[in-house]
Amino acid sequence: MGNIFQLVWLIPVLPLLGFLINGLGRKQVSKTMAGIIGSGTVLGSFVISLLVFMQLNSGNVPAAPFHYFDFINITALKIGFDFQIDPLSAVFLLIITGVGFLIHVYSTAYMHDEEPKDFAKYFAYLNLFVFSMLLLVMGANFVIMFIGWEGVGLCSYLLIGFWFKNNNYNIAAKKAFIMNRIGDLGFLLAVFWLISKLGTADYQTVFANVSTLTVTDITGITMLLFVGAMGKSAQIPLYTWLPDAMAGPTPVSALIHAATMVTAGIYMIARSNILYTMAPVTQGVVAIVGLSTAILAATIALKQNDIKKVLAYSTVSQLGYMFLALGVGAYTGAVFHVMTHAFFKALLFLGAGSVIHAMSGEQDIRNMGGLKKYMSITHITFLLACLAIAGMPPFSGFFSKDEILAAAFAKNPLLWGVGVAGAIMTAFYMFRLYAMTFLGKFRGTHEQEHHLHESPKAITIPLIILAILSVIGGLVGIPEVFMHGGHRLEAFLAPVFAQSNALTEKHHLSHATEYMLMGVSVAAALAALVFAWSKFSKYQKVEKEETGLGKVLANKWYVDELYDTIIVKPVLALAKYFNNIFEKKGIDGFVNGVGKAVNYGSRQIRLLQSGQVGIYVLMMVLGMLLFFIIQLFL
Amino acid sequence: MNQNIWITFPELLIWFPLLAGLVAFMIRKENVVKNWAILSSLITLGISIVSIVYADNSKHFYLNNVSYFWLRYLGSNFTLGLDGMGHMLTALTAVAFPLIFIATNRTSYKSANAFYGLMLLTQSGLMGVFTAMDLLVFYFFWELAVIPAYFLCSRWGGERRIQATFKFFVYTFTGSLLMLVGIIYLYMHTGPSANADHSFSMNAIYAAMLSPAEKNWLFWLFFIAFAIKMPVFPFHTWQPDTYEQAPTSTTMVLSGIMVKMGVFAVIRWILPVFPDAVTRFDNIVIGLSVIGMIYASLIAIKQDDLKRFVAYSSIAHIGLMCAAIFTKSEIGLQGVMIQMFSHGINIIGMWIVVDLIEKQTGTRKISELGGIAHKAPVLTIFLVVIALANIALPLTNAFVGEFMMFSGLFTFNFWYAAVAGLSIILAAVYTLNMIQKVFYGEANGVTEKIQEISFNQKLVLTVLVVMIFFFGVFPQPLFDVTKDTVLNIITRLK
Amino acid sequence: MSITEILFWGLAALALFSAVMVVASKSPVHSILYLIVVFFAISGHYILLNAQFLAIVNIIVYAGAIMVLFLFVVMLMNLNAESEPKKHRMLQFAGLISGGCLFLVLIAALSETAQATSLVQMGGGNSGLIKNLGMVLFKDYVLPFEISSVLFLSAMIGAVVIGKKERS
Amino acid sequence: MNAIILTAIWGVMMMLGGAFIKSKTTPKYLAIIGLAGILVANCMQMNSGTAFFMVDVKDMLHFNSFNLTFINVAFGCTLLFFLLSGRDIEKVGENVSEYFALIFFILCGVAIISTFNSLVMLFIGIEIVSIPLYILTGSDKRNLKSNEAALKYFLMGAFSTGIMLLGIAFLYGGSATGSFYIDNIISGNAPMPPMIAIGLVLLLISMSFKVSAAPFHFWTPDVYDGAPTVFTSFMATIVKAAAFFAFVRLFENAFGSMHQQWQTLIVILIAATLLIGNLTAVFQQSVKRMLAYSSIAQAGFMLFALFALNNLAKEGLVLYAAAYSLASIGIFAILIKMKDYTIEGFNGLGKEQPLLAVTATVFLLSLTGIPLTAGFQSKFFMLMAAVQTGQHIWLVIFAVLCAAISAYYYFRIIQAMFFKEAAADAVILTEDITPAFKILLLITAVLIIGLGLFPHFLTNWLYF
Amino acid sequence: MEIKWYIGLAVALFCTGIVGVLTRRNSIIIFMCIELMLNAVNLLLVAFSKMHAASAVMQSNPNVVSDAQIFVFFIMVVAAAEVSVGLAIIVMLYRNTHSVDVNFLNRLKN
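Residue numbers (the working numbering), protein chains in the order written: chain A, 1 to 634; chain R, 1001 to 1494; chain S, 2001 to 2168; chain G, 3001 to 3464; chain X, 4001 to 4110.
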């Protein structure tokens, strides 16, 4: 076997092929074929990614990006269609293709009720999604990244609005795309800024020449990039699309939330870590925004009753943690959390999907309960995922979250304090969810109860695999306190962050402090866990209006309404004014007014032609007088 | 070097459509004339492709440039030439016409011979504009391209066609007359030529001796003419009306190619001739363009008529091109070049779909449509692809152009790029709104009986979509065509 | 004041008065008669300037032929004073004012110039005599003389074309 | 000289012929043959200097390639006019051969005023042109409009003659040498003495009257409207062009050296003429009247020749005369065939008579000044001439804006012909269109386009 | 006499003629006023001719003096021709409308 790097181009091309086959031949391929093509291509990518990862792990790192062809090649700007393979992209490749593959497999069962051509279309979209994400991760410059960046936005649009007959879904899809585009604009401006200052968008050149940029430039660029990340990774203020994106099929939610899309922002900041390291102001902003998002989303999640909504807000919240990590300079921590989060969040969504599947589309947890006895695999895997996300040791979430909190503490204990508060809420709402879904008595209709069943293999097997990963996934990053050299991930990623690490002095917390921090956060989370378990395992449905803070939380702090009032409505009003009044009466009115003036002038001036010879002669004489005066006296 | 070539590419590109158009007038049978139009436009396309193969002027100069005596004693010769930009735009013209003819093949016109004859004459005029290397020749073709278009719109258009297209005509005519004054003034300040005191040839015009003050007002005479044609805010109001009223195939020509005349002309005749004035007024022009982008995008959001919708979105896109030209950066200009081509392709695709919908449902009201995706998925896919290309999604052709144009704009000034960038968001808003309202949701009474598209249309749209993706992924061939032109202009600007 | 001057002023006054009366008199016949007086006065001026030929021609052609033609026409039409209703007052006023202004402007422009004080050769000189004029007319001005025959021909045709009764 | 004498002789021939020839159609052929012969004779004088008549003109007439070319243009256009509208002259009244005789006399006058070198010849020439025109205007005797037009034309024409004569008198008095020769009136470019200035203004006014420049244009619409349409066609084209030629000839030779001192007046004239002509034409419903106003508007453009007074201007003037005359004769020839002279009368002509409509479109486009037509080239030359002076560029811009307005009224006819439908039972034309008529129209259109493409075919003659 | 008196007289007569044209509405009288204007010009021309005769420069070229008088002669010729045509037109109009009032001439307007 030759150098695996020569096959790197296959990683994105395979899903693209899958997309083309399924997309163009969607009327011809059978459901089975579509599923096999869809999953198989991603599996192929995964295998290659794994081989690439192993090559990298063995220390064989390619020095230069792989150049395929010129995308733009003019004197002032050269942008190649280049792929860059390094530890960071390798980790992401594995997450994307690995988790993506599992979701594909899962989808074959989940989407089985669709018409064959819609089924094929669905897989085509999924493949395109994976393709875009791979492009995003593998691109060796910001332009290729942007191509993937917009591509995932498009795919999310297509998939969220997959059931296009329902207008609400379409609106959600549109919202996702537009919110993303707002972020994309920031990203684009940042890229332009880079191009205008450095004349290139290649990572290598940019990062090598970063010292030639002024502080203003770097701060501006990083801020704008962060705006892009806000859109894609659902941070305040651009997070509202993500919960709405639940409109799509559940595996899509899993794909968006776990493996692709939302992690793009993290990847991008991690990729350009040196820029952020050199822009402390932006770092502060990133940390604060991340933390605020984490808390805000967590509070909202406390009061949601839609199983997917809870999970959605939990994603937003977890993403907040990741940004907190990025903000405090713990890039490895962020990537680590991306990874563990990918496992348990995919698991949670797929589990939720399994539940919804069993409940025939019911998503309100108030109508569930007691599912434990009907679907044991789903139940157990779901529980493991909940423990992982709540940060219970030794599940994966514990390690990654702990690393982030520790880094935050090192930066500022206040950050840590708020972070722990978020962790407590996480534990609470996750177990509220768990308890209301699986414990207690079934609260749904009889018909639903009759249909309750464990899901087919294609669903449960991915669940099991993900559950295993959720449990042991944290072991690649065992902190220093437990085991020297246990943080394999950090070592693996070190070359990527080397430049940043060189610039920052490490705050080494004492072991005692670290144990203390862990103890406090775990204990607090555990307390919340127990409280939620005990409170909601005996939940009875009561019809009562939420009041006070509860109502505010249930209504997501009225953020959507706020946006509607201060942005959407004024813009539409302005558009309406332009369309109905300014365009017609103003500009076109002026243009037509010229025509009307000519007409009016014509009507008036022709009255001079009165038909009376006397007046004609008089005019002539007056003209004569005028001419004499001009010629003789002026 | 072989100088005995009896006819060159630019001549062929002009005379062949002209001749074909005159022949078309003679053909009485509708089917025959339709096929003749398709055939002749395909031949023109062939000529254009061959000309691009021989695009290298350093090797094949005699094939791409021709000059013969015309108004010699005025210093004007009938000089035609194909440089990179000329190749690009003649190619666009050559590509667009067969596509238009094939796509609208089903439409039957009263006195079809006149219709197709005029269409081909328009093509000839457009080719002339893009190949003219003499300012007077340019002006000739500039007007001549509009006349047949005017007749087309007024004769075969919608209900309010006479008013609307007359507004269009008078508007552009006024602009070009102002330009004529500028041309003459410029001419009077050129150096002597072989047979006259002054000269209209491009090089002489480029070398005209003018004081800065003169350049300043001459700039506006030219710019207003071109701004009307493009059109740039606030000279745009003829456009929605005309697009709405004109027969669709003519609208395709108008929006796909004719608006490029304005963009083209700014690059060819304003930038190199008035570099100082360009620098002096760049803020005004870019400001207007940016305002226009946002303004038109906002209006597009509220449009209920599909044709007007496309018209306003086109205004927004053209605004960006105009702004990018005035950044005077290589990236921006190169972006404009490629975008001229891309925009032509995309908007023709948009019109084809709009036409299909109108023909089948009898309405263009967005609010009355809905659920077409369900009834005609292929049509929907084409439209979605084209619409997304229109809003410059990556890996479609428009992305490359818009990316570079924004990049150029950014280099010029951060805030322009930032404000103009809002149009990216607004473009997403209006396009998705339209897609949602027209294609998604449940089918209603109007869209109930909509059929899938015919083979012809499928063919044309496929060609368009293939081009959209091809040049979205491999734009480099287009850059190679226009590279030298852009560099030439940039050097002139410095 | 010399005799010439007295004659000049007298004739000038007569000419002007009659001219005003041409315009002012109600009856067309009176107007014609006043106009004949003007012509006579102008002929008097010609004699003062020793332009004898013109003086005679003026009386014969103008006063004799042309004005008689006018008189015939007027009488043929039987126009009298009442047949002409008042013209619009304002218009009449405007006409008077603008005519007056024109006069003032011309006079003002000319009165102060050097040219205006050139002297006119009164009485003397023989260029106005019929012999000299004949020589000039048939030597130097033979072309316009011949050409003016075209003018007369066309006037003649015109009178015939216009005057002839159309067969229905 | 050939032209002047031969036209006079042929005029007399036609007049006498009228007495003997009873056939109504013969005079037309006689006239066509005669005019063709005269054209040839004039060309001969031009090319080889062959003069049939040895007349000592005492320098009162000047023959050079410029004015001989112009005479060719004028006579050529008249020939075309005879060919196109000869049959319609027959319909005006009984005195067919007299009408032709008068037209020949007018042509004689045209030849004189394009070659004059003495104010005497100018005066006589102008009268030779005017007096037959009064008659032709009133030739439709039972039509009150025609009567009215004739009287208005006559009164105002005589009035303007008076003004011209006063001007001539002042020029004679003011010139140092007391001469009627136009090149002796002033010398150098010293400030004008007031007498010369007064004479100049008076001549300017009377010539403006003849070419119907505002504010001395008031007779034009009424007279053009009232006169029988065939004669309007002739008056509005050849006669007007000749008057322009005389105007420019007079002012260039007599006052060219003090051009700067009277340019302001021309600027005012141009601005007023363009504005009034174009603006008033917009609202007209009758095509005939609209064309009258358009002739005023076109005069505004021709006045640029006087504004610039350079070589381009003179070339442009000849070109303009040709372009404008050809197009107007063509459009009038079609108009005569129409039943209804209003713009609605043209509705549906494109369907009924495509060839007529297409040629009419060419004529109208030429009048508008669209490239490819002679009308464009002539406007182009005029604008070039004006810009070459480097002064009053705003006037040039104003002129093109007015040209844009002109598109408004010319295109109304095009719209009516092609884009509007005639009422179901409407009769558009009064008579059948003969193939010969169609071919002639086509030739006219081809001539216009030919001149539009290759104006030097005409302008080169100017430098023979 | 100084020429200015002649100029004054001629201009006064001319302007009287103009005023007549402006204020009267009988076309025959208007026509007569125009004749008056022509006569004013004639007088002026003759006066100018004698003025040039008086100036020393012109003594060498006596023709100049005759020029203006010949011109006057031509003016009379033209006037006669004009009168014949003009009166014919007026009579024709009178035959058709039984009026010579120019104010009634407004079939053609605007």
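No lab work stands behind these hints, which were simulated from the structure alone.
Remember, predicted model here, so these are calculated numbers, not experimental data.
We put the CB at the ideal spot given by N, CA and C, even for glycine.
Careful, some of the hints might be misleading.
Interface residues of chain G toward chain R, partial, derived using beta-carbon atoms under 7 Å [as the list claims (entries may be wrong)]:
1) Leu3275
2) Pro3371
3) Gln3388
4) Leu3395
5) Ala3403
Of the numbered hints stated previously, which ones are contradicted by the structure, given in increasing order?
-> Of the numbered hints, 1 and 4 do not hold.
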